[in-house]
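**Student:** Residue numbers (our numbering), protein chains in the order written: chain A, 19 to 257; chain B, 85 to 321.
It should be emphasised that the hints constitute simulated quantities derived from the structure, not laboratory data. Only a predicted model underlies this, so the values are computations on that prediction, with no experimental measurement involved. A portion of the hints provided could be inaccurate.
Said to hold, decoys possible - SDA-like mimics (lysine to any residue), calculated; alpha carbons at most 25 Å apart, straight line:
no. : chain 1 : residue 1 : chain 2 : residue 2
1   : A       : Lys202    : A       : Leu180
2   : A       : Lys202    : B       : Ala169
3   : A       : Lys202    : B       : Thr171
4   : B       : Lys180    : A       : Glu212
5   : B       : Lys180    : A       : Gly95
6   : B       : Lys180    : A       : Val211
7   : B       : Lys180    : B       : Ile197
8   : A       : Lys202    : B       : Val183
9   : B       : Lys180    : A       : Phe208
10  : A       : Lys202    : B       : Ile197
11  : A       : Lys202    : B       : Phe182
12  : A       : Lys202    : B       : Pro239
13  : A       : Lys202    : B       : Phe188
14  : A       : Lys202    : B       : Val149
15  : A       : Lys202    : B       : Leu170
16  : A       : Lys202    : B       : Arg151
17  : A       : Lys202    : B       : Val277
18  : A       : Lys202    : B       : Gln276
19  : B       : Lys180    : A       : Ala205
20  : A       : Lys202    : B       : Ala172
21  : A       : Lys202    : B       : Val185
22  : A       : Lys202    : A       : Thr192
23  : A       : Lys202    : A       : Ser33
24  : B       : Lys180    : A       : Arg209
25  : A       : Lys202    : A       : Val190
What the hints assert, rightly or not - Here are some chain A residues the structure puts well away from chain B; computed CB gaps all over 10 Å:
no. : residue
26  : Leu109
27  : Tyr113
28  : Arg148
29  : Ile204
Stated by the list, open to error - Among the chain B residues that face chain A by a calculated CB cut under 10 Å, a handful are:
no. : residue
30  : Thr171
31  : Ile246
32  : Gly250
33  : Gln254
34  : Leu257
35  : Ala275
36  : Gln276
37  : Ala279
38  : Arg283
39  : Ala287
40  : Phe288
Where is the CB? At the ideal position from N, CA and C, for every residue including glycine.
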Amino acid sequence: MDFHFLRETVLLLLSGVPLSLNLAFFSILAGAVLAVLLALMRLSGNPVLDLPARAYVFVFRGTPLLVQIFLIYYGLGQFPEIRQSLLWPFLREPYWCALLALTLNTAAYSSEIIRGGILSVPFGQIEAARACGMSRWLIFRRITVPQGLRVALPAYGNEIILMTRSTALASVITLMEVTGIASKIIAETFRAVEVFVCAGAIYLILNFAISRGIAFLERRLSPQLREQGAQDHLPEPAR
Amino acid sequence: MIDYTELMGFGPRGWGLLMVQATLMTVAVSASAFALGSVLGALVAWARIEGNRLVRIGADAYTTVLRGIPDLLVIYLLYFGGSEALTALARLLGAKGFVGVNSFAAGAIAVGIISGAYQGELFRGAYQAIARGELEAARSVGMPRLLLFRRIIVPQALRFAIPGLGNVWQLALKESALISVVGLTEILRQAQVGAGSTRQPFAFFITAAVLYLLLSTVSGWGFRRAEAVGMRGVRRA
Numbered sequence: 019m020d021f022h023f024l025r026e027t028v029l030l031l032l033s034g035v036p037l038s039l040n041l042a043f044f045s046i047l048a049g050a051v052l053a054v055l056l057a058l059m060r061l062s063g064n065p066v067l068d069l070p071a072r073a074y075v076f077v078f079r080g081t082p083l084l085v086q087i088f089l090i091y092y093g094l095g096q097f098p099e100i101r102q103s104l105l106w107p108f109l110r111e112p113y114w115c116a117l118l119a120l121t122l123n124t125a126a127y128s129s130e131i132i133r134g135g136i137l138s139v140p141f142g143q144i145e146a147a148r149a150c151g152m153s154r155w156l157i158f159r160r161i162t163v164p165q166g167l168r169v170a171l172p173a174y175g176n177e178i179i180l181m182t183r184s185t186a187l188a189s190v191i192t193l194m195e196v197t198g199i200a201s202k203i204i205a206e207t208f209r210a211v212e213v214f215v216c217a218g219a220i221y222l223i224l225n226f227a228i229s230r231g232i233a234f235l236e237r238r239l240s241p242q243l244r245e246q247g248a249q250d251h252l253p254e255p256a257r
Numbered sequence: 085m086i087d088y089t090e091l092m093g094f095g096p097r098g099w100g101l102l103m104v105q106a107t108l109m110t111v112a113v114s115a116s117a118f119a120l121g122s123v124l125g126a127l128v129a130w131a132r133i134e135g136n137r138l139v140r141i142g143a144d145a146y147t148t149v150l151r152g153i154p155d156l157l158v159i160y161l162l163y164f165g166g167s168e169a170l171t172a173l174a175r176l177l178g179a180k181g182f183v184g185v186n187s188f189a190a191g192a193i194a195v196g197i198i199s200g201a202y203q204g205e206l207f208r209g210a211y212q213a214i215a216r217g218e219l220e221a222a223r224s225v226g227m228p229r230l231l232l233f234r235r236i237i238v239p240q241a242l243r244f245a246i247p248g249l250g251n252v253w254q255l256a257l258k259e260s261a262l263i264s265v266v267g268l269t270e271i272l273r274q275a276q277v278g279a280g281s282t283r284q285p286f287a288f289f290i291t292a293a294v295l296y297l298l299l300s301t302v303s304g305w306g307f308r309r310a311e312a313v314g315m316r317g318v319r320r321a
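Just chain A, with the same shape it has in the complex (with noise of 0.2 Å):
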C-alpha cells in the first residue's frame, strides 16, 4: 500500500468536489422548478399543454445524458444563428452546458415524481377545500403541496442522489469535478484500482449525507411516521 499517493490522490480528488457540488445543487435546483411546470402542464387537462409535457419527458428519459450533452456542447455550434446569438456566451462554456444538460435531464425525471406526488392527494381533500371557500392557489399551497410533498420526497431523494452521480458525466467535456481529476490522474498514473477507491469513498460520502438529509426532511415533514420511527429503534423482541 503506497499511502502517499492515496493521500496524494484523495487531496487532489477533493478539490473537485466543489465543482461536483456545484453541477449537483444548481441543476436540481433550476430542474424542480422546471419540473413542476412540466407536471403541472400534465396535470392542466389541456391537450395543448398536455402533450408537448408528454414528448418533453418522452425524449428526456429515453436518451441517454450524454447524448443529451454532446447535443448541447458540440451540437448547437453547428448552427450560425446559435454561434451569433447572445446566448453563445454560455453555451461555449463545458459548465454552463453541463448544467444546462443535467437541469433539462433531470426535470423530465422529477416532473413524473411530482406529478405522482399530487396525483396521490386524496379527491376528497381537494373537495373539501373547495367546500370551505379556498381559492386553487391557497388549495395548491395549503393541501395539494403539503401532502404531495411527503409522498414524493423519497422517490425525489433518490432523484437528488441519482444526479450527484450524474454529474461525473460532466467531465466528459473537459470539467475537472471529482471523476475528471479521477480520470486525469489514472491516465498519467496507470494506477486504476487506488484511485478508483478514494474516488468511489468521496461519492459514497457524499451520497449517504445526502441521504441522511433527506431521512431527516422526510421526519420533519411527516409527523405520523416519527411515532413509528420511534419503534424502530426499539429493541427487536427476542425470538
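Model the placement of chain B on the given structure of chain A, informed by the hints.
**Tutor:** Quick look at chain B alone, frame taken from chain A:
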C-alpha cells in the same frame, strides 16, 4: 455541406450503414451487460434471502456501492484496471509493453455489474411477491429444491419482475452510451466520429438520440407484450 438525408443515407457519402452497425453494437453490448446483470442479480437476491449474515452484508454493500458511485468510474475501473492487470500478467509471462482490455468486454462487464445491483433488488421483491402457501405446498409434496426453484419460483418471480426488468433494461441501454469513452464503436462513439469528420455534430447527435429513442420504444413495447403474456393467468382487481 451535404444535406441531412444524404448524410445519414446509404449512398457513398452516407453514414447510414455505419450508424446501423453501431446500433447493433449498442444492442449487443447492452444485452450482454443485461444478461450478466441478471446472473449477478439472481445471486444477490439469493444472498439476501437465504444467505448468512456475512453474505447478506456483502450483498448489501455491493448494492449500495454500485448504486452510489458514478457509472463512468466503474467503466474506467474495469477498462484501465483490467488493462493494468493484463499488462502486469503479460510482463510476468515475458512480454513487453501495454496490453489493453477489449473495450466491449470491459464495458459490458462494467454496465453488467451496475445492472446486477438493480436486478438484485428487483428479484428479491419479485420472490417476496410469491404466495408463501405455494412454496409450502411444493415442499410438502416433496419437491427437491432445484425443482421447486425451476417450477414454482422462477416462472412466478419472473412474471412479477417483468415491468421492473423493462426499466432496468432501459437503464442498461442508456448506460451503454458511456462505454463510448473507452472507444467501443456503439451509437454515441460512431456519432462522435461522424461529427468530427463532417463538422455536423448536431446532425449526428440528434440521429444518435433518435436511435436511442427508437431502441427504447421498441423494447418498451416488447416488455409490455411480455408482461401481457406473463400476466394472462392472473386475475386483476
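**Student:** Look at each hint and say if it fits the structure.
**Tutor:** These are the hints, each one checked on the structure:
1. Between Lys202 (chain A) and Leu180 (chain A) the alpha-carbon distance is near 23 Å, which keeps this suggested pair within the 25 Å criterion.
2. The straight-line distance between the Cα atoms of Lys202 (chain A) and Ala169 (chain B) is roughly 19 Å, inside the 25 Å bound, and the hint therefore holds.
3. About 20 Å separates the Cα atoms of Lys202 (chain A) and Thr171 (chain B), which keeps this hinted pair within 25 Å; it holds.
4. This hinted pair checks out: Lys180 (chain B) and Glu212 (chain A) have alpha carbons roughly 23 Å apart, not beyond 25 Å.
5. Proximity of Lys180 (chain B) to Gly95 (chain A) is assessed by CA-CA distance (about 44 Å); at most 25 Å being required, the pair is judged violated.
6. Restraint check for Lys180 (chain B) and Val211 (chain A): the C-alpha separation of about 22 Å stays at or below 25 Å, so the hint holds.
7. Under the criterion of a C-alpha separation no larger than 25 Å, the hint pairing Lys180 (chain B) with Ile197 (chain B) is inconsistent with the structure, at around 31 Å.
8. Proximity of Lys202 (chain A) to Val183 (chain B) is assessed by CA-CA distance (about 19 Å); at most 25 Å being required, the pair is judged to hold.
9. About 16 Å separates the Cα atoms of Lys180 (chain B) and Phe208 (chain A), which keeps this hinted pair within 25 Å; it holds.
10. Distance check on the hinted pair: Lys202 (chain A) and Ile197 (chain B) sit about 24 Å apart at the alpha-carbon level, within 25 Å; holds.
11. Proposed proximity of Lys202 (chain A) and Phe182 (chain B) is supported: the alpha carbons are some 18 Å apart, at most 25 Å.
12. For the given pair, Lys202 (chain A) sits about 47 Å from Pro239 (chain B) by alpha-carbon distance, which is inconsistent with the 25 Å threshold.
13. Restraint check: the Cα-Cα separation between Lys202 (chain A) and Phe188 (chain B) comes to about 22 Å, which is no more than 25 Å; the hinted pair holds.
14. Note on Lys202 (chain A) and Val149 (chain B): the hinted pairing holds, with a Cα-Cα distance of about 22 Å set against a maximum of 25 Å.
15. With a C-alpha separation of about 21 Å, the suggested pairing of Lys202 (chain A) with Leu170 (chain B) holds against the 25 Å cut-off.
16. Distance hint between Lys202 (chain A) and Arg151 (chain B) is fulfilled; the C-alpha atoms sit about 23 Å from each other, no more than 25 Å.
17. As the CA atoms of Lys202 (chain A) and Val277 (chain B) are separated by approximately 22 Å, the hinted pair is consistent with the 25 Å bound.
18. With a C-alpha separation of about 21 Å, the suggested pair Lys202 (chain A) and Gln276 (chain B) falls inside the 25 Å cut-off, and the hint holds.
19. Taking the CA atoms of Lys180 (chain B) and Ala205 (chain A), the gap is about 19 Å. The hint holds against a cut of 25 Å.
20. Of the pairs offered as hints, the one joining Lys202 (chain A) and Ala172 (chain B) holds, with about 21 Å between alpha carbons and a cut-off of 25 Å not exceeded.
21. For the suggested pair Lys202 (chain A) and Val185 (chain B), the alpha carbons sit about 19 Å apart, so the restraint of at most 25 Å is met.
22. Between Lys202 (chain A) and Thr192 (chain A) the CA atoms are separated by roughly 10 Å; this keeps the pair inside 25 Å, and the hint holds.
23. Of the supplied pair hints, the one linking Lys202 (chain A) and Ser33 (chain A) holds, its CA atoms being roughly 13 Å apart against a limit of 25 Å.
24. About 18 Å separates the Cα atoms of Lys180 (chain B) and Arg209 (chain A), which keeps this hinted pair within 25 Å; it holds.
25. Of the supplied pair hints, the one linking Lys202 (chain A) and Val190 (chain A) holds, its CA atoms being roughly 11 Å apart against a limit of 25 Å.
26. Look at Leu109 (chain A): its CB is around 12 Å from the nearest CB on chain B, clear of 10 Å, so calling it non-interface holds up.
27. Listed as outside the interface, Tyr113 (chain A) is consistent with that label: its C-beta sits roughly 18 Å from the nearest C-beta of chain B, beyond the 10 Å cut-off.
28. The beta carbon of Arg148 (chain A) is kept farther than 10 Å from every beta carbon of chain B, the shortest such distance being approximately 30 Å.
29. Not every Cβ of chain B is farther than 10 Å from the Cβ of Ile204 (chain A); the closest lies at roughly 5 Å, contradicting the non-interface assignment.
30. The closest approach between the C-beta of Thr171 (chain B) and any C-beta of chain A is roughly 8 Å, which is under the 10 Å cut-off, so the hint is satisfied.
31. Evaluation of the Ile246 (chain B) hint against chain A yields a violated restraint, the C-beta minimum of about 19 Å exceeding 10 Å.
32. Annotation: interface hint on Gly250 (chain B) violated; nearest CB of chain A at approximately 13 Å, more than 10 Å.
33. With a cut of 10 Å, the hint placing Gln254 (chain B) at the interface with chain A holds, because the nearest CB-to-CB distance is about 8 Å.
34. Restraint check, Leu257 (chain B) versus chain A: the minimum CB separation of about 8 Å is within 10 Å; hint holds.
35. Checking Ala275 (chain B) against chain A: minimum C-beta separation of about 8 Å stays under 10 Å; hint holds.
36. Hint on Gln276 (chain B) holds. Least Cβ distance to chain A is approximately 7 Å, under the 10 Å limit.
37. For Ala279 (chain B), the interface hint holds, the least distance from its beta-carbon to any beta-carbon of chain A being 6 Å, beneath 10 Å.
38. Of the supplied interface hints, the one on Arg283 (chain B) holds, with its beta-carbon coming within about 8 Å of a beta-carbon of chain A, less than 10 Å.
39. Interface restraint check for Ala287 (chain B): the shortest CB-CB distance to chain A comes to about 7 Å, inside 10 Å, so the restraint holds.
40. About 8 Å separates the beta-carbon of Phe288 (chain B) from the nearest beta-carbon of chain A, less than 10 Å, and the hint is met.
Consistency note: the structure conflicts with the earlier hints numbered 5, 7, 12, 29, 31 and 32.
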